[in-house]
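Put together the whole structure using the sequences plus the hints.
Residue numbers (my numbering), protein chains in the order written: chain A, 5 to 599; chain B, 5 to 599.
Simulated from the structure, these hints should not be mistaken for laboratory data. Worth double-checking, as some hints may not be accurate.
As the list claims (entries may be wrong) - Straight-line alpha carbon distances no greater than 30 Å define the calculated BS3-like cross-link-like pairs of lysine-lysine that follow:
no. : chain 1 : residue 1 : chain 2 : residue 2
1   : A       : Lys-234   : A       : Lys-164
2   : B       : Lys-536   : B       : Lys-490
3   : A       : Lys-490   : B       : Lys-179
4   : A       : Lys-490   : B       : Lys-490
5   : A       : Lys-179   : B       : Lys-490
6   : B       : Lys-536   : A       : Lys-490
7   : A       : Lys-536   : B       : Lys-511
Unchecked claim - So, partial list: chain A residues that the calculated Cβ filter (under 7 Å) puts toward chain B:
no. : residue
8   : Arg-442
9   : Val-454
10  : Gln-531
Quick reminder that beta carbons are idealized off the backbone N, C-alpha and C, glycines included.
Number of protein chains: 2
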Amino acid sequence: MTRLRAELSHRSLDGFVIPRADAHLGEYVAADSERLAWLTGFTGSAGMAVVLDASAAIFVDGRYTLQVRDQVAGGLFEYCHLSEQPPGDWIAQHMAAGQALGVDPWLHSEQQIETLRAAIEKAGASLVLLDDNPVDSIWADRPPPPGSPVVAHPLDYAGKTAADKRSEVAGELAKQGADAAVVTLPDSIAWLLNVRGQDVPNSPLPLSFAVLHADAAVQWFLDPAKVTAKLRAHIGNGVTIHDPAELGPVLDDLGATGKAVLADPVTAASWIFERSRAAGATLITGPDPCQLPKACKNPVELAGARAAHARDGRSLVRFLAWLDREAEVRAQAGDPIGELEAAGELLALRGENELFQGPSFDTISGAGPNGAIVHYRAEEASSRPLGLGELFLVDSGGQYLDGTTDVTRTVAIGAPSEEARDRFTRVLKGHIALARARFPRGTTGSQLDVLARYSLWQAGLDYDHGTGHGVGSYLNVHEGPQRIAKMPNRSALEPGMIVSNEPGYYKTGAYGIRIENLVAVVDSPAQSADEKDMLAFETLTLAPIDLRLIGPALLVADELEWLNAYHARVRAAHRDTLDGAAAAWLNRATAPITA
Amino acid sequence: MTRLRAELSHRSLDGFVIPRADAHLGEYVAADSERLAWLTGFTGSAGMAVVLDASAAIFVDGRYTLQVRDQVAGGLFEYCHLSEQPPGDWIAQHMAAGQALGVDPWLHSEQQIETLRAAIEKAGASLVLLDDNPVDSIWADRPPPPGSPVVAHPLDYAGKTAADKRSEVAGELAKQGADAAVVTLPDSIAWLLNVRGQDVPNSPLPLSFAVLHADAAVQWFLDPAKVTAKLRAHIGNGVTIHDPAELGPVLDDLGATGKAVLADPVTAASWIFERSRAAGATLITGPDPCQLPKACKNPVELAGARAAHARDGRSLVRFLAWLDREAEVRAQAGDPIGELEAAGELLALRGENELFQGPSFDTISGAGPNGAIVHYRAEEASSRPLGLGELFLVDSGGQYLDGTTDVTRTVAIGAPSEEARDRFTRVLKGHIALARARFPRGTTGSQLDVLARYSLWQAGLDYDHGTGHGVGSYLNVHEGPQRIAKMPNRSALEPGMIVSNEPGYYKTGAYGIRIENLVAVVDSPAQSADEKDMLAFETLTLAPIDLRLIGPALLVADELEWLNAYHARVRAAHRDTLDGAAAAWLNRATAPITA
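In structure tokens, the structure reads:
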């Protein structure tokens, strides 16, 4: 902090903003961009610090209000809630007229910068867009930028050639009157060019930028050292490779020749807009043109997703059988399974699977009250034993070459309480209502969200997170544009999209419940009375739902029918791939139930 | 048309736009503003004509595609769909560079004018805002403006004094930094000043404008002849009365003194903005500040709504008993009841009620296939007999001094088909899901909409209208800002709001089904497990739902329980007010059913 303040003073700045972000403004950040963690100690996936001459604050959302107090010294930083105490307001209160606040235009969207600017101008202070980041000047042991080689994503998994994708997206650009699009999302570029990398944890992303032209040519900006000769052959003639430093001059050229350039105001850094505007380009703002086609998986990707989920489900079945065999016995014997051990066991089982590349996110393995912490991550200090009479929640996923998985199961260790069974059954009713839904084309996830909450609402309960997020195909486990959530979302659910179905219920200090399957949006098989083309969800995840936590009397016939049919599918999918003990367990765990 | 074109030519205009609108841009239009109907013959509640030198078009939405062909000569006007063939596009195709299109800035919002302007400027044409309306110059027998006297709406029904309302809304203005608000919605003014009138059909509106100042003073612009001495005493000192022609000069004064003026960009005419801007006012755009407090009924208004619904429901019970006694017998005797006769009978029964002032909208009385026309209005030529084996849909409502009602019932004449029972039961399941819903504060109607559609969607069916609209208190039967519909709406449902719950199903050429009750948003009675303050709906409408159309096997226990409890309420509400035959009928019509 002292060094940062000296650096700011040296630059005649009175303050600086440090968001948890890199130049791609996404969820996945490489080590060399973890400036917020380096400066403050805070390792959450979202947050922001503001450092002024004599004061500083760190802003996090509701998920991290406890964690930030553990990790960040209260003497150095005031703790603030990101949305309830917006950084702009805090800054306006703490800065004086005439002072200057620096921001790195690579790490904020234009809208974020405008919000900050409006707030501090009220205080008579001004915002300065910096050419380089002051933290980098003082970060002595800053890790090098990630340099993992980029590899081809074969057509057997991608299902469509990069050349075809480039042509199709270029066609969309032309429709919008754009001569070129600046693509800043690493997963968009990975999808567009059929490439993968290892630059960040949990997601096979090569970090890079691209400019896609209306003639389908792509200029790809990444360290040439990451590109092997084999990869060059894979990407073909339509794609030229450029040093990242060339992005600026390329934008300058587009501007100088009066081109219309599309960029996404939500996901692209302010720097892109500043540079393009200064160069004289006509800016067209709109969603990243790869987002929608990437979200709508093609038949090969969907087949891959089904195959990946079959393998992943088998690991989960083996894990749940192990847990059922061991957890109660060991708890009674005084040698309980711990959260970390359980997570390790599950990862080891996944590791035996064909095409497995690693976890798709940090496993959430929460026993008892830890299960109520929605973004809990077990560590040695926090790891709890799986105690008798408690619930254990495990949310995990795998990256496979043919698909990305994400699944949550909540299981009872020993006999669950009546209350837990009631809450679990309500969560299950919501899960089933969504899983069974048929809906007309054009329906958005926000329209469907209430189906997952209705049963909880009837009891005066709710959960404070979205119901479903998009999932990539061997890519990010969180992707847009679709979402199932309370907040209005204009992106209709379209065939091929993969989303999670994950209602939950959390009782602070006691237990957490979440039932999460991934589902694919599909054309619903026609029924005789249908007057419209209906869409529906195909559940991809294949793992049993704990029958001991279900109160069958709370389920209506349609719900029981869904549950029994789902369990029959799970049984059929894994029966022939399991050893005798696991197969016998699966038979019991998926036995039909009645009211 | 010839005269209009001559008039346009005389004014050096190449075209003119005639919307179905008056200066208040609402649904309710007085006879002197029915320019579209006078010019084209089209009497629908929404639409627009464009007349150019050599061509003309009329734009209507899906509700009116049949009606417009009946009423408007195809040789004079091209028929266009309002949203699929937007007027701007048509105009751009039919106008030449250099031509001028006139619009009356009193009859369009600014956004509507900007949309038109953008479209025609593409064609090189220009938009001219006119000082007076060319149609008025040629409309020889134009009715005089409505001159009905304005009457006080007593505190016994209003529940809050106008002085208190003015203070409260003025407080909101101050919060928004506004010195004054221009209020253009007649129902907002009627609510604010506790007055009612008879200027338009079906809704007790006095047409007028008002300027509310931050000190709670109101300048009220209406024909002074409408204001009796008694009314002057009622409105008190804080309200001054001005000739409507003074509105312009008052806006000029506000601008000249540098005032900040709030106006609603959705509901206020472009003229208001043009005039204020020209005068130098600082314009603050935001929702009409009366809308939200008007929508949240106070306890006196809610008590009035309950009382009005009790009386209204009794009339409906008597009507349904009459229908049940007569319809089948008369159909068998070859002397069937007609749609107009049924509507007349219902109106006559309502007319016997205390405090009844008239219908709240034109009754929809549709037998068989006419029931499938969502905005059907029976006339001599179209009136069908209520035939055996058919469904009869009747959507009607009353204006009472203590409340506004709106109710739809669908009944079987003779034995219904299995299909009709299946569809009716699905509509009922949706109705019940919404009626039973508990939901956290902050929930919007768009979040809940799917509850009313789920059961239909499961069968591949849907209905092409919203699920619920706001309803006024002895005011407009359609009011905002809340709505239950597929389209996202940011207005949360708040205690005191009254909305309709009206899912339906329509089979073109065969039958229509709709089950509509009004419900009030209330604090949900607390239950032991509640972790949040929940809201819920209290059903206001008290009339039986036709048991012959229900397939009990399709209902689950919660749904049966709701239906039986609702019918028990209906029975208890009316039992003591009916004669023997009607009471006996009601007992049968509300008997508990089982699966």
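Are there hints from earlier that the structure breaks, and if so, what are their numbers?
none
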